[in-house]
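Visitor: Letter by letter, the chains look like this.
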Amino acid sequence: MREVMGVRMNLHVKDRVAVVGAGITLFRRRLLETPRELAWEAAKMALDNAGLTLADIDCVVIGTAPDAFDGIHFNGEYLADGAGGYGKPTVRVYVGGGTGVFVPIAAWWHVASGLCNTVLAVAEEKMSPAHPHPQGVFAYIWDPVLERPLGPNLIWIFAMEMRRYMHRCGATKEDIALVSVKNKRNALDHPAAQAAANITVEDVLNSETLVWPVNRLDISPVSDGAAALILAREREARRITDTPIWVEGIGWSLDNTHWYNRELGYPRYVQYAARMAYRMAGIERPWKEIDVAEPYDPFDYKELHHIEGLMLARPCEAPELLKEGWFDRDGELPTSPSGGLLGVGNPIAAAGLMKAAEIFWQLRYEAGRRQAKKPVHKGVAQAWGDLMQVGTVIVMSN
Amino acid sequence: MSWDKFWKASSVKHYPGKMEVEKYVYTPGIHGLEMAKALKEGRILGMRCGDTVYVPPRTFCPDGERGELVDVTDEEWIVAAFTVITRDMYGNPVEPQVVALVRPIDAEGGLFHYINAEPDEVWIGMRVRPVFRPEGERRGLITDIRYFEPA
Numbered sequence: 000m001r002e003v004m005g006v007r008m009n010l011h012v013k014d015r016v017a018v019v020g021a022g023i024t025l026f027r028r029r030l031l032e033t034p035r036e037l038a039w040e041a042a043k044m045a046l047d048n049a050g051l052t053l054a055d056i057d058c059v060v061i062g063t064a065p066d067a068f069d070g071i072h073f074n075g076e077y078l079a080d081g082a083g084g085y086g087k088p089t090v091r092v093y094v095g096g097g098t099g100v101f102v103p104i105a106a107w108w109h110v111a112s113g114l115c116n117t118v119l120a121v122a123e124e125k126m127s128p129a130h131p132h133p134q135g136v137f138a139y140i141w142d143p144v145l146e147r148p149l150g151p152n153l154i155w156i157f158a159m160e161m162r163r164y165m166h167r168c169g170a171t172k173e174d175i176a177l178v179s180v181k182n183k184r185n186a187l188d189h190p191a192a193q194a195a196a197n198i199t200v201e202d203v204l205n206s207e208t209l210v211w212p213v214n215r216l217d218i219s220p221v222s223d224g225a226a227a228l229i230l231a232r233e234r235e236a237r238r239i240t241d242t243p244i245w246v247e248g249i250g251w252s253l254d255n256t257h258w259y260n261r262e263l264g265y266p267r268y269v270q271y272a273a274r275m276a277y278r279m280a281g282i283e284r285p286w287k288e289i290d291v292a293e294p295y296d297p298f299d300y301k302e303l304h305h306i307e308g309l310m311l312a313r314p315c316e317a318p319e320l321l322k323e324g325w326f327d328r329d330g331e332l333p334t335s336p337s338g339g340l341l342g343v344g345n346p347i348a349a350a351g352l353m354k355a356a357e358i359f360w361q362l363r364y365e366a367g368r369r370q371a372k373k374p375v376h377k378g379v380a381q382a383w384g385d386l387m388q389v390g391t392v393i394v395m396s397n
Numbered sequence: 000m001s002w003d004k005f006w007k008a009s010s011v012k013h014y015p016g017k018m019e020v021e022k023y024v025y026t027p028g029i030h031g032l033e034m035a036k037a038l039k040e041g042r043i044l045g046m047r048c049g050d051t052v053y054v055p056p057r058t059f060c061p062d063g064e065r066g067e068l069v070d071v072t073d074e075e076w077i078v079a080a081f082t083v084i085t086r087d088m089y090g091n092p093v094e095p096q097v098v099a100l101v102r103p104i105d106a107e108g109g110l111f112h113y114i115n116a117e118p119d120e121v122w123i124g125m126r127v128r129p130v131f132r133p134e135g136e137r138r139g140l141i142t143d144i145r146y147f148e149p150a
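Residue numbers (numbering that gives the first Met the number 0), protein chains in the order written: chain A, 0 to 397; chain B, 0 to 150.
Worth double-checking, as some hints may not be accurate.
What the hints assert, rightly or not - With a straight-line Cα cutoff of 25 Å, these simulated DMTMM-like cross-link-like pairs (lysine to aspartate or glutamate) come out:
#	chain 1	residue 1	chain 2	residue 2
1	B	36	A	66
2	A	172	B	119
3	B	17	A	316
4	B	12	A	66
5	B	22	A	142
6	A	172	B	117
7	A	172	B	120
8	A	13	A	323
9	A	372	A	323
10	B	17	A	36
11	B	22	A	241
12	B	39	A	146
13	A	13	A	36
14	B	17	A	323
15	B	22	A	66
16	B	36	B	67
17	B	12	A	323
Derived from the structure by calculation, the hints contain no laboratory data.
All chains should be modelled from the sequences, with the hints used to inform the complete structure.
Guide: Below you can see the structure in the form of structure tokens.
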């Protein structure tokens, strides 16, 4: 057992794990398909992509965020047959917004442990059924004595966190809006994208203020969608494809669940998760060794926050690098080349898995017009969620 | 197939549904109950764990041990982050209200509360103090503190 950042971690794995296929549905505000059908569409595309059928799959991992969005309790079980889980060891994992990246993490340990040769990992979210607005679901995350009587909603926290980040780092609204501009532009090349657009910093600043300092274009949209990956142990992977993408490291970490006890200006939980994953991947200088990254970006400041948490930039350095074009698709370290949640859309769990899938496509040089300009060897995808305090990280290489 | 273009959900084929549990009844918890009683008496509680006091109190410390309830005697608190609310959840305009994360000077953690000041008068690092409602109006909720005002 080795100790990593206070976490005791057993690094002996039975089988090396590779991603061999990926699939995704359209991300839209409201789709005709049921959650089950969305899961099936993504799973089918991933299977076709790998040249496999359901009969080749040993185990299934499903991810979906609160049942209250889809409006179906036991949503994981409900999705199971759409996700090919019928008659197989199937499990649903859930860490709120972090679920999307936690799905391949859980799939990884299914394979790395030697338990399953092939795993189908599916994430789905359908947010459109919740009325009048899926935001309402978040009214039930607050402490009934200390918080709920104040009538808080989710954006309040993000507004405070963004304000704290701006204060700590001297970042301006303009600096932060550039993330939204970049990601929505990147998404123009993503065939599944819901909110792709050519916008300017002024458009972001002039969009309506939701909760100061958060404007409408600072936030990702509400979406329906699903994504899927197929993971396999080395022997199967080499049989399935000539270009397996290796899962080199995984990490996840929880910060204090009482958000008053956290430093809002720096995501320590992401750093802990990233250190765990980098350690496993043998990465010592992530800012040099990582070629492409998909940091979680439900809000534009969050991408900067998470770039720093992933140690791809020093704390407070991300806004400056962003301005220089460092994180553009043709930059030194492209971030969210997919278009991210801001551009492609944010069906919670599916959005995180879309990020992992983008790293898969980038490392296979299959991202088409979204392909990073520089040669890519190692990539990292990350998601964030729960009560705003879980970080989930996956590192892949080709 | 995308039904994106239909702005009104009722204009597409749909099946209405409703979760039958309309209401939840929450218990305040061991230290939550103490905190509620204290708020009613015009006090704020914290929890001592070794050398550190945490606000608000929880039954257990970060290291997993049981904490000890103490009064938080800080006269002044500090604004660690804030925002301004101008709309409710459904987008309807409301009176601008400053909401902040306030931390006691000598303790860890803090509370989430309203600040009784104009939005442009509030800054991170500003000192504030709690203002309680009169005794008869307190109900054992966080709103027994009416707001924090500039100290």
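Visitor: Now tell me if each hint is right for this structure.
Guide: Results of checking the hints against the structure:
Straight-line distance between C-alpha atoms of residue 36 of chain B and residue 66 of chain A comes to about 35 Å, which puts the hinted pair past the 25 Å bound. For the hint linking residue 172 of chain A to residue 119 of chain B, the alpha-carbon distance of about 16 Å falls within 25 Å, and the restraint holds. For the suggested pair residue 17 of chain B and residue 316 of chain A, the alpha carbons sit about 47 Å apart, so the restraint of at most 25 Å is broken. Between residue 12 of chain B and residue 66 of chain A the CA atoms are separated by roughly 22 Å; this keeps the pair inside 25 Å, and the hint holds.
Proposed proximity of residue 22 of chain B and residue 142 of chain A is supported: the alpha carbons are some 15 Å apart, at most 25 Å. For the hint linking residue 172 of chain A to residue 117 of chain B, the alpha-carbon distance of about 21 Å falls within 25 Å, and the restraint holds. For the proposed pair residue 172 of chain A and residue 120 of chain B, the alpha carbon gap of about 19 Å is at most 25 Å, so the pair holds. Using a Cα cut-off of 25 Å, the hinted pair residue 13 of chain A and residue 323 of chain A is violated, with the two alpha carbons roughly 43 Å apart.
In summary, the hint linking residue 372 of chain A to residue 323 of chain A is supported, as the alpha carbons are separated by about 16 Å, within the 25 Å threshold. Under the criterion of a C-alpha separation no larger than 25 Å, the hint pairing residue 17 of chain B with residue 36 of chain A is consistent with the structure, at around 22 Å. Between residue 22 of chain B and residue 241 of chain A the alpha-carbon distance is near 55 Å, which puts this suggested pair outside the 25 Å criterion. With a CA separation close to 16 Å, the supplied pair residue 39 of chain B and residue 146 of chain A stays within the 25 Å bound.
With a C-alpha separation of about 34 Å, the suggested pair residue 13 of chain A and residue 36 of chain A falls outside the 25 Å cut-off, and the hint is violated. Of the supplied pair hints, the one linking residue 17 of chain B and residue 323 of chain A is violated, its CA atoms being roughly 50 Å apart against a limit of 25 Å. Of the supplied pair hints, the one linking residue 22 of chain B and residue 66 of chain A holds, its CA atoms being roughly 17 Å apart against a limit of 25 Å. A hinted pair counts as satisfied when its Cα atoms are at most 25 Å apart, and residue 36 of chain B with residue 67 of chain B qualifies at roughly 16 Å.
For the proposed pair residue 12 of chain B and residue 323 of chain A, the alpha carbon gap of about 48 Å is over 25 Å, so the pair is violated.
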